[in-house]
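Trainee: Listed below, chain by chain, are the residues.
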Amino acid sequence: MKKLLLGNEAVARGLFEGGCRVASSYPGTPSTEVTECAALYDEIYCEWAPNEKVAMETAIGAAIAGARSFCGMKHVGLNVAADPLFTASYTGVNAGMVIVVADDPGMHSSQNEQDSRHYAMASKTMMLEPADSAECLAFAKQAYVLSERFDTPVILRLTTRIAHARSLCELGTREDVGVLPYEKNIAKNVMMPAMAKGRHVVVEKRVLDQTAWAESEAVDAGINKVEWNSKKIGVIAAGTCYQYAKEALGDQASYLKLGCVYPLPVDLIRSFAETCETVYVLEELDDYIETHCRKHGISVIGKDAFTLQGEYSQSLIAKVILGTEKPVLTADVHVPGRPPVLCAGCPHRGLFYALKKIGVMVSGDIGCYTLGAMQPLGMIDTVICMGASVSALHGRNKANPEYSSKSVAVIGDSTFIHSGVTGLINIAYNQSNSVVIILDNSITGMTGHQQNPTTGLTIKGDPTSAVSLEKLAEAVGIQRVRVVDPYNLKECEDAIREELDVDAPSLIISRRPCALLKKVKHNPPLKVNADKCRSCKMCMRIGCPAISFKDNKAVIDFMQCVGCNVCRQMCKFDAIEG
Amino acid sequence: MATKSIMIVGVGGQGTLLASRILGAALVSEGFDVKVSEVHGMSQRGGSVVTYVRYGECVASPIIEKGEADLLLSFEQLEAARWLAYLKTDGKLIVNTQTIDPMTVISGADTYPDGVLDALRAAGADVTAIDALSLAVEAGSAKAVNVVLIGVLASKSEIAKQVWIDALHETVPPKFLEMNLKAFELGWNYEN
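Residue numbers (the numbering used here), protein chains in the order written: chain A, 1 to 578; chain B, 1 to 192.
Be aware that a few hints might be false.
With a straight-line Cα cutoff of 20 angstroms, these simulated PhoX-like cross-link-like pairs (lysine-lysine) come out [unchecked claim]:
no., chain 1, residue 1, chain 2, residue 2
1, B, Lys4, A, Lys326
2, A, Lys519, A, Lys460
3, A, Lys518, B, Lys175
4, B, Lys182, A, Lys319
5, A, Lys326, B, Lys143
6, A, Lys527, A, Lys537
7, B, Lys66, A, Lys319
8, B, Lys66, A, Lys519
9, A, Lys326, B, Lys175
10, A, Lys521, B, Lys88
11, A, Lys197, A, Lys124
12, A, Lys518, B, Lys143
13, B, Lys66, A, Lys326
Just so you know, these hints were derived from the structure itself, not from any lab.
Can you make the complete structure from the sequences, with help from the hints?
Mentor: Take a look at the structure:
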């Protein structure tokens, strides 16, 4: 029977069926569920690593040791893991290794819109791109075979609309190839100049072999495929863009669907293009396939007619190619925006309000707390990448030491372990008078509650050792370490003021578990005593979604309120009651 | 048959994802090709959320664009207005009359508009408005708004009632099943 699987769930199934034994990943939308679903199979050893670099190195180690392995990440995670990727392309594998990278065109939950296909080309690593869940499963499984055949890691590239769409899959059985023997081979596995020179020759030869495969065998295997309909319009596409094109154009066009986006075939594309009157390359983000076509003198229409930004869709394609648009209904009403917000009871709220009261510059980071940038809190000045809050604060304070008493960094527990700790070591080593605040909510929050090295639990929920943030900070040379409760506004404000005034690096741990965690017991919801409410709107300044104003009085939504008491500390008239 | 498109919109945390899973399960058991597109991550934190459900003989695109939805199921009034343009001009709109202030309103930067339902009707939409929150509370939990609304949607579909009930059994955790079956029943029996 066919099952409706999320693209990510289907990839996990493909890994299982393909005989994966070791999986190591760092969560990141839209890639997270691949690893969460892989963890449900007892046959796969599965873990959350501290970051993507560690995850990829773990997978490489396992593959060289002889076990089929996996690591998964979002597009920006591949930046972190790029170092091992480029050299693993040289060493190759022993048992198969599959890397999932999930791009996020349109930035549903990301800080940039980078196109991971460039990494495949730059590192000369084979890249497959599925177009629905059935292909997610089939390509993941096939990737192990290709990885071993060509002795290379294979990247499976997803985008949000593939990773987070459900479609039907036929489930198969697991092909367990066991653990392959390991043999020491320094010419292949020790990448110092003399050996790496030899391996680079192997890599270039491998690309030629894979290109030949992409021209013919990949077509026989249905990975690259041509669908002939009307030859007036030819479409070259991969992944979700192929689906949009089919939706918009149906049999008014012929299609060259590329399941392998690195390396790209040349003759296959040329003969398809020469048979069609007008040829479009439909690809989100960069002009990656288009550039390949132009390099080989194949005339196509791409970014001149479309866009480098955001997602494509069937309506965009219909509008550009056919000139058609659907009629729409319009309601004559002003619709206020509804941006995402910190949840009711979120422990980050109290800490951000304390920062607002003091009025500091905040060097921010990636996680739920990035939402602290939004009004009415508005307390983040910069967000760059995972870990940058800490190191960028150090740079700021070195640029102008006077900033030291007016600036802080905020970073979550998982992000701190990911890449904030190295910045903290730099602060201690190179002595900037920096105040770093770890927002420790005991979970990786934004990606949907994943365990991490500070939580004391593994991905499978088994107890394990937990990093002590206090001891870690002391060990790297931070003398001033203190813990505050973000539900206590005065405690937070006093602690931050004190640390800003001290002439030494310091770490404040704002500790309170995420209010959405099942283990967290909530207090009964608070109520507003309308007789006492003076309509001053002080309680509105913390930006709690549970508080609104009705008939000129504050009202607390009993469904959302978890009784965190932060609003109660804002009210000067004791109008908020338990 | 031509591919049909259903859009489910609401506010992060209202349970739109479960609603789309129940709908997906029912459509699969009817033998359709189905695609369900969800957005996870940041927008789930109280933001405007949207799920696309498409079904037919062979579904290509997983998303729905402006003017394409045969049915728009909105968990909140303002969200119905936000996504109205996605409805076909002869499509059906089911809207929960519940209102939830967005942060732009809470922070005082904007105001929640009056007369949203009238504006939706004036725009020419075929509107079914329902107080799903009250029915959910009647069923035993305010959180069952999603299943009440699925009940309303189901009552307007071609699919037999038992298929929907089987889909609930498949998707809802056992300890909440009884309450959700009651919520479904209240939605199913709702007369506009």
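Trainee: Does each hint hold? Answer for all of them.
Mentor: Here's how the hints hold up against the structure:
1. Lys4/B to Lys326/A: holds (15 angstroms)
2. Lys519/A to Lys460/A: Roughly 16 angstroms separates the two Cα atoms, so the pair holds.
3. Lys518/A to Lys175/B: OK: Lys518/A and Lys175/B at ~16 angstroms, within 20 angstroms.
4. Lys182/B to Lys319/A: violated (45 angstroms)
5. Lys326/A to Lys143/B: violated (36 angstroms)
6. Lys527/A to Lys537/A: holds (15 angstroms)
7. Lys66/B to Lys319/A: Given that 20 angstroms is the threshold and the Cα spacing comes to 12 angstroms, the pair holds.
8. Lys66/B to Lys519/A: violated (42 angstroms)
9. Lys326/A to Lys175/B: violated (44 angstroms)
10. Lys521/A to Lys88/B: With a Cα-Cα distance of about 45 angstroms, the restraint between Lys521/A and Lys88/B is violated, given a limit of 20 angstroms.
11. Lys197/A to Lys124/A: holds (15 angstroms)
12. Lys518/A to Lys143/B: Judged against 20 angstroms, a Cα distance of about 16 angstroms means the pair holds.
13. Lys66/B to Lys326/A: Cα-Cα ~7 angstroms, so holds.
In this structure, the hints that do not hold are numbers 4, 5, 8, 9 and 10, in rising order.
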